[in-house]
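Chains as they are written, first to last, in this note's numbering: chain A, 1 to 232; chain B, 233 to 371.
A few of these clues could be false.
BS3-like mimics (lysine-lysine), calculated; alpha carbons at most 30 Å apart, straight line [as the list claims (entries may be wrong)]:
hint	chain 1	residue 1	chain 2	residue 2
1	B	LYS289	A	LYS69
2	A	LYS83	B	LYS337
3	B	LYS242	A	LYS16
4	A	LYS82	B	LYS284
5	A	LYS41	B	LYS337
6	B	LYS337	A	LYS69
7	B	LYS337	A	LYS14
8	A	LYS17	B	LYS242
9	B	LYS242	A	LYS98
10	B	LYS337	A	LYS24
11	A	LYS212	B	LYS337
12	B	LYS282	A	LYS83
13	B	LYS242	A	LYS225
14	B	LYS282	A	LYS84
15	A	LYS87	B	LYS337
16	A	LYS224	B	LYS289
17	A	LYS98	A	LYS121
18	A	LYS226	B	LYS365
19	B	LYS365	A	LYS87
20	B	LYS365	A	LYS84
21	A	LYS212	B	LYS242
22	A	LYS82	B	LYS289
The following residues of chain A were derived to be distant from chain B, with all beta-carbon distances above 10 Å [said to hold, decoys possible]:
hint	residue
23	LYS69
24	ARG135
25	PRO155
26	GLY159
27	THR193
For each label pair, taking beta carbons as the anchor points, the in silico distance ranges come out as [said to hold, decoys possible]:
hint	chain 1	residue 1	chain 2	residue 2	range
28	B	ALA276	A	ARG20	40 to 46 Å
29	A	VAL142	B	ALA350	39 to 45 Å
30	B	THR245	A	LYS16	34 to 40 Å
31	A	ASN160	B	ILE275	28 to 34 Å
32	B	VAL314	A	ASN160	35 to 41 Å
To be clear, the hints were calculated from the coordinates, so they are not data collected in a lab. Everything numeric in this text was worked out from a predicted model, so none of it was measured. Glycine included, C-beta positions come from ideal geometry on N, C-alpha and C.
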Amino acid sequence: MQVTFSIQRYDSSKDKKPYRQEFKLDVEPTDRILDCLDRIKWDFEGSLTYRRSCSHGICGSDAININGKNMLACQVLIQDIKKKRIKIDPIPGMPIIKDLVVDTTDFFAKYEVVKPYLIAKNPPPKERFQSVADRALIDEAVNCILCGACTSSCPSMWGNPNYLGPAAMLKAYRFAFDSRDEAPAEHLEAIDTSDGVWRCHTIFNCVEACPKEINLTWHISQLKKKMVEREL
Amino acid sequence: MNFYQSGWTKVLTTYHRFAGSWAWIFHRISGLALTAYIFMHIIALSNLQKHKIDGGKAFNEEMALFSSPFFLVIEWLLFAFVLYHTLNGIRIVLVDFANGARYHKQLHYAVVTIGVIAFIAMGYVIFSHQVNKTVAMLF
Ligand code: HEM
Ligand code: SF4
Ligand code: FES
Numbered sequence: 001m002q003v004t005f006s007i008q009r010y011d012s013s014k015d016k017k018p019y020r021q022e023f024k025l026d027v028e029p030t031d032r033i034l035d036c037l038d039r040i041k042w043d044f045e046g047s048l049t050y051r052r053s054c055s056h057g058i059c060g061s062d063a064i065n066i067n068g069k070n071m072l073a074c075q076v077l078i079q080d081i082k083k084k085r086i087k088i089d090p091i092p093g094m095p096i097i098k099d100l101v102v103d104t105t106d107f108f109a110k111y112e113v114v115k116p117y118l119i120a121k122n123p124p125p126k127e128r129f130q131s132v133a134d135r136a137l138i139d140e141a142v143n144c145i146l147c148g149a150c151t152s153s154c155p156s157m158w159g160n161p162n163y164l165g166p167a168a169m170l171k172a173y174r175f176a177f178d179s180r181d182e183a184p185a186e187h188l189e190a191i192d193t194s195d196g197v198w199r200c201h202t203i204f205n206c207v208e209a210c211p212k213e214i215n216l217t218w219h220i221s222q223l224k225k226k227m228v229e230r231e232l
Numbered sequence: 233m234n235f236y237q238s239g240w241t242k243v244l245t246t247y248h249r250f251a252g253s254w255a256w257i258f259h260r261i262s263g264l265a266l267t268a269y270i271f272m273h274i275i276a277l278s279n280l281q282k283h284k285i286d287g288g289k290a291f292n293e294e295m296a297l298f299s300s301p302f303f304l305v306i307e308w309l310l311f312a313f314v315l316y317h318t319l320n321g322i323r324i325v326l327v328d329f330a331n332g333a334r335y336h337k338q339l340h341y342a343v344v345t346i347g348v349i350a351f352i353a354m355g356y357v358i359f360s361h362q363v364n365k366t367v368a369m370l371f
């Protein structure tokens, strides 16, 4: 079956504005979008630039926008798209370096704000024990691969570039709700601001975008509840 | 190096809209509409104060204006905004402070269903008197 790919092209070293280029490809319904990009790059247009590394939904480097929705190129098949015309763009809300490659500097700077590491003052006797019930609290949150699809899909972030974004919130949850973390307040403090958890307007775009099926808004709601409890 | 970045208006108009995006857009539009309405409401009400000096003339005139069919339809539409904002407001509270984030789509279907039923019911309350009168006049 033949599909048309309309891909947004842009090279920051020479172009003023992005433009579109079309490629027609014979594909199988079970081909992944990443396979198609690879074929376009290898057979037709060597200068097409995109990130990918693992090709199996682990490294989080190939989040792109397909027909208006953020997804992982390596996790989506032609048959999932259900369209003969596939529009491919870089994920929005981030500066474009080249073609589908965006500048994630800001994304990772915001990630660091929430202290994305286990805060523990003393070394453990042997191991840091965690009960099954305590671990269950973070089961979903630990699955994040930092692809940025969620933060890039968030209207609150488009409108206010200072918003830390859902991925950073999720990471704050991941450590603040980890029974082994000794300073949950330090993670919470970083997001109890107008550019933090309170900027979330429960639009759920992030939940639709996440390739790991993480319900970010639920985690953000748990954080909001924690903030209110702290005040009482 | 100058990197290109699309403005938020372009992103907002091109990104796919899911149920949750519509809920947010309608909530904002209804919130702004209600804010605009509350000012008009206060101005209209302050006119009624004149009953103290004109023996109720301005009051009666204004009430006659507001019970004209045109204003009844406008009020019915205002009710739609109040209804959506209130019901979806409750949905947002459930999402933020109960477990609603796990059921946000079902909650939105509930908002729309209850909203449509209440809107039609209010239509009956507002217009039944007028409709009955017209029907009685015709036959
Ligand atoms: C029962 C009554 C109401 C409820 C339950 C309610 C609920 C809410 C909630 C939960 C929000 C936050 C939305 C968000 O986080 O994005 C909100 C926003 C807002 N409300 Fe209300 N509201 C009510 C009445 C009103 C009235 C009477 C007005 C106007 C006079 C109003 C104007 C607004 C505005 C302008 C916003 C901001 C819109 C936004 O952030 O998207 N609301 N409302
Ligand atoms: S929460 Fe999901 S969408 Fe967001 S960065 Fe992590 S894996 Fe990507
Ligand atoms: S290439 Fe690693 S997640 Fe897709």
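Results of checking the hints against the structure:
{"no.": "1", "hint": "B:LYS289 to A:LYS69", "in the structure": "59 Å, violated"}
{"no.": "2", "hint": "A:LYS83 to B:LYS337", "in the structure": "25 Å, holds"}
{"no.": "3", "hint": "B:LYS242 to A:LYS16", "in the structure": "17 Å, holds"}
{"no.": "4", "hint": "A:LYS82 to B:LYS284", "in the structure": "69 Å, violated"}
{"no.": "5", "hint": "A:LYS41 to B:LYS337", "in the structure": "39 Å, violated"}
{"no.": "6", "hint": "B:LYS337 to A:LYS69", "in the structure": "18 Å, holds"}
{"no.": "7", "hint": "B:LYS337 to A:LYS14", "in the structure": "45 Å, violated"}
{"no.": "8", "hint": "A:LYS17 to B:LYS242", "in the structure": "14 Å, holds"}
{"no.": "9", "hint": "B:LYS242 to A:LYS98", "in the structure": "19 Å, holds"}
{"no.": "10", "hint": "B:LYS337 to A:LYS24", "in the structure": "37 Å, violated"}
{"no.": "11", "hint": "A:LYS212 to B:LYS337", "in the structure": "19 Å, holds"}
{"no.": "12", "hint": "B:LYS282 to A:LYS83", "in the structure": "64 Å, violated"}
{"no.": "13", "hint": "B:LYS242 to A:LYS225", "in the structure": "34 Å, violated"}
{"no.": "14", "hint": "B:LYS282 to A:LYS84", "in the structure": "67 Å, violated"}
{"no.": "15", "hint": "A:LYS87 to B:LYS337", "in the structure": "27 Å, holds"}
{"no.": "16", "hint": "A:LYS224 to B:LYS289", "in the structure": "53 Å, violated"}
{"no.": "17", "hint": "A:LYS98 to A:LYS121", "in the structure": "43 Å, violated"}
{"no.": "18", "hint": "A:LYS226 to B:LYS365", "in the structure": "57 Å, violated"}
{"no.": "19", "hint": "B:LYS365 to A:LYS87", "in the structure": "57 Å, violated"}
{"no.": "20", "hint": "B:LYS365 to A:LYS84", "in the structure": "57 Å, violated"}
{"no.": "21", "hint": "A:LYS212 to B:LYS242", "in the structure": "27 Å, holds"}
{"no.": "22", "hint": "A:LYS82 to B:LYS289", "in the structure": "65 Å, violated"}
{"no.": "23", "hint": "LYS69", "in the structure": "5 Å, violated"}
{"no.": "24", "hint": "ARG135", "in the structure": "20 Å, holds"}
{"no.": "25", "hint": "PRO155", "in the structure": "6 Å, violated"}
{"no.": "26", "hint": "GLY159", "in the structure": "5 Å, violated"}
{"no.": "27", "hint": "THR193", "in the structure": "17 Å, holds"}
{"no.": "28", "hint": "B:ALA276 to A:ARG20: 40 to 46 Å", "in the structure": "52 Å, violated"}
{"no.": "29", "hint": "A:VAL142 to B:ALA350: 39 to 45 Å", "in the structure": "43 Å, holds"}
{"no.": "30", "hint": "B:THR245 to A:LYS16: 34 to 40 Å", "in the structure": "21 Å, violated"}
{"no.": "31", "hint": "A:ASN160 to B:ILE275: 28 to 34 Å", "in the structure": "33 Å, holds"}
{"no.": "32", "hint": "B:VAL314 to A:ASN160: 35 to 41 Å", "in the structure": "28 Å, violated"}
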